[in-house]
Amino acid sequence: MTALIALFWRDLRRAWGSGALWLPVLFFLLVATAFPFAVGPDAPLLARTGGGMLWVAALLAALLPIDRLVRPDRDAGVLDQLAVRGFADEVIAAVKIAAHAIGFGLPLLIALLPAAALLGQDGTRITLVATGLAIAIPALASLAVLSAALTAGLRGGSAIGGLLILPLAIPLLIFGAGMLDPSGRGAVKLLAATSLLLSMIGPFAAGAALRGLRE
Amino acid sequence: MTQLLRLTGVACIRGDRLLFEDLSLMLNRGDALWLRGPNGAGKSSLIRLAAGLLRPAAGMIERRERRALIDEAAALDPEMPLRRALDFWARIDTVDGHTVDRAMEEMALASLAEVPVAMLSTGQRKRAAMVRVIASGAPIWLLDEPANGMDDAAQARLAAAIAKHRANGGALLLASHFALGITDLAELDMGALA
Chain V
263 MTALIALFWR
273 DLRRAWGSGA
283 LWLPVLFFLL
293 VATAFPFAVG
303 PDAPLLARTG
313 GGMLWVAALL
323 AALLPIDRLV
333 RPDRDAGVLD
343 QLAVRGFADE
353 VIAAVKIAAH
363 AIGFGLPLLI
373 ALLPAAALLG
383 QDGTRITLVA
393 TGLAIAIPAL
403 ASLAVLSAAL
413 TAGLRGGSAI
423 GGLLILPLAI
433 PLLIFGAGML
443 DPSGRGAVKL
453 LAATSLLLSM
463 IGPFAAGAAL
473 RGLRE
Chain H
140 MTQLLRLTGV
150 ACIRGDRLLF
160 EDLSLMLNRG
170 DALWLRGPNG
180 AGKSSLIRLA
190 AGLLRPAAGM
200 IERRERRALI
210 DEAAALDPEM
220 PLRRALDFWA
230 RIDTVDGHTV
240 DRAMEEMALA
250 SLAEVPVAML
260 STGQRKRAAM
270 VRVIASGAPI
280 WLLDEPANGM
290 DDAAQARLAA
300 AIAKHRANGG
310 ALLLASHFAL
320 GITDLAELDM
330 GALA
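Those protein sequence lines, which keep their order, are chains V and H.
The first sequence begins at 263 in this note's numbering and counts up by one.
The second sequence begins at 140 in this note's numbering and counts up by one.
Hint data in this document are derived by calculation from the structure and do not stem from the laboratory.
Nothing here was measured: the structure is a model prediction, and the numbers come from that model.
C-beta: ideal position from N, C-alpha, C; glycine also.
Among the hints, erroneous ones may be present.
[To be verified] One side only, chain H facing chain V, incomplete, derived with CB under 8 angstroms: (1) Phe159; (2) Leu193; (3) Arg206; (4) Asp210; (5) Ala212; (6) Ala213; (7) Ala214; (8) Arg230.
[To be verified] What the simulated footprint calls covered on chain H by chain V, stretch by stretch (three residues with Cβ under 8 angstroms from a Cβ of chain V suffice, anywhere in the stretch; the number is not a length): (9) 215-226; (10) 231-239.
Produce the entire structure from the sequences given, and follow the hints as far as they go.
Structure below.
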């Protein structure tokens, strides 16, 4: 257990070290800033579409760091050293997912406030987006670590990683943004179910991908 | 039980190439086996098989104890001071700081404790990896070219550490182009297997 905590803190330290903490957050804010310029200063339109835009931005922000989730550890031999010590690949994947969920999820939720303000979202909608994101973050982290593990052996892997993750992330996007629709009462349950499913599959699928990296 | 590692009828295929087959070897406490042979003979692959990082195409590998591995990657975070990078592995291996201190003394790295890993030379990094192996307390050492970039003094320290490890009942599988001045060393010529 001490070993797993050490592993978790190392991933978190690497995620937040050297300013990398701010990268997804800045990206998220950047999208929120750019969007009003693109659609014009129409407050009702922004309020209506802004919530969906926040979801798209959050999804892309989750994908931003996949380059450094697995590949550096593989290149440095850290994954091999952990395997030699008998850590199951699924456990390593689960720790990485947890660290990524905290590492990018927490700052994202904090950045949500200014971003939502830029897009003219009112209190109710901010709460809905925040709740939805909090539910979806474990799933987004699972997908990010999975695609990072799948593409760690490839050159230019992060671009392919985005393509890999997109189809799996679309249900999160539909149900998450669906929560904002007044008629979307069941959306939060479907979102939770999707998130649970992806979070459960994540460690096993990513673990298998990590095992594949050694062959 | 004195037997630490046993390979029975092991075959290794990398890509489409059969590197070796029907290889059997055994390491008891205190044993050291030197894998020699030309590049591509399968020395590193055999080390990775023994470590459990590769699966054999045929045969059986039994490990009775924990193992520690050195390969070409140092597995130390480059931005971290050396001591903290080593402390991470000490926590993973659940050994205390004194063990790391002693291992750093053994490889003469105590003075570099605060230097970031990225600033270390190749030989210093190999010595740091060796500290990790010594501190882990694992009875089976799997060393793939551990002396790369090491100067004579460091090689002597490495040989001394290996002698101490064997005296304490550890075993060693060494892939290297030269014998590192280790005495009482069994040899396996991988070039002759192909």
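Structure-based check of all given hints:
1. The beta carbon of H/Phe159 is not positioned within 8 angstroms of any beta carbon in chain V (closest approach about 18 angstroms), and the interface hint is therefore violated.
2. With its C-beta approaching chain V no nearer than about 7 angstroms, H/Leu193 sits inside the 8 angstroms limit, and its interface hint holds.
3. Because the smallest distance between the Cβ of H/Arg206 and any Cβ of chain V comes to about 6 angstroms, under 8 angstroms, the interface hint for this residue holds.
4. The interface hint given for H/Asp210 is met, as the beta carbon of that residue sits about 6 angstroms from the closest beta carbon of chain V, less than 8 angstroms.
5. Checking H/Ala212 against chain V: minimum C-beta separation of about 3 angstroms stays under 8 angstroms; hint holds.
6. With 8 angstroms as the threshold, the beta carbon of H/Ala213 comes within range of chain V, its nearest partner Cβ sitting at about 7 angstroms, so the hint holds.
7. Contact between H/Ala214 and chain V, as hinted, is supported at the beta carbon level, the nearest pair being about 4 angstroms apart and thus within 8 angstroms.
8. With its C-beta approaching chain V no nearer than about 4 angstroms, H/Arg230 sits inside the 8 angstroms limit, and its interface hint holds.
9. Counting residues of the stretch 215-226 of chain H whose CB falls under 8 angstroms from any CB of chain V gives 4; the rule of at least 3 is met.
10. Counting residues of the stretch 231-239 of chain H whose beta carbon lies closer than 8 angstroms to any beta carbon of chain V gives 3, which meets the minimum of three for the stated coverage.
In summary, the one numbered hint that this structure violates is 1.
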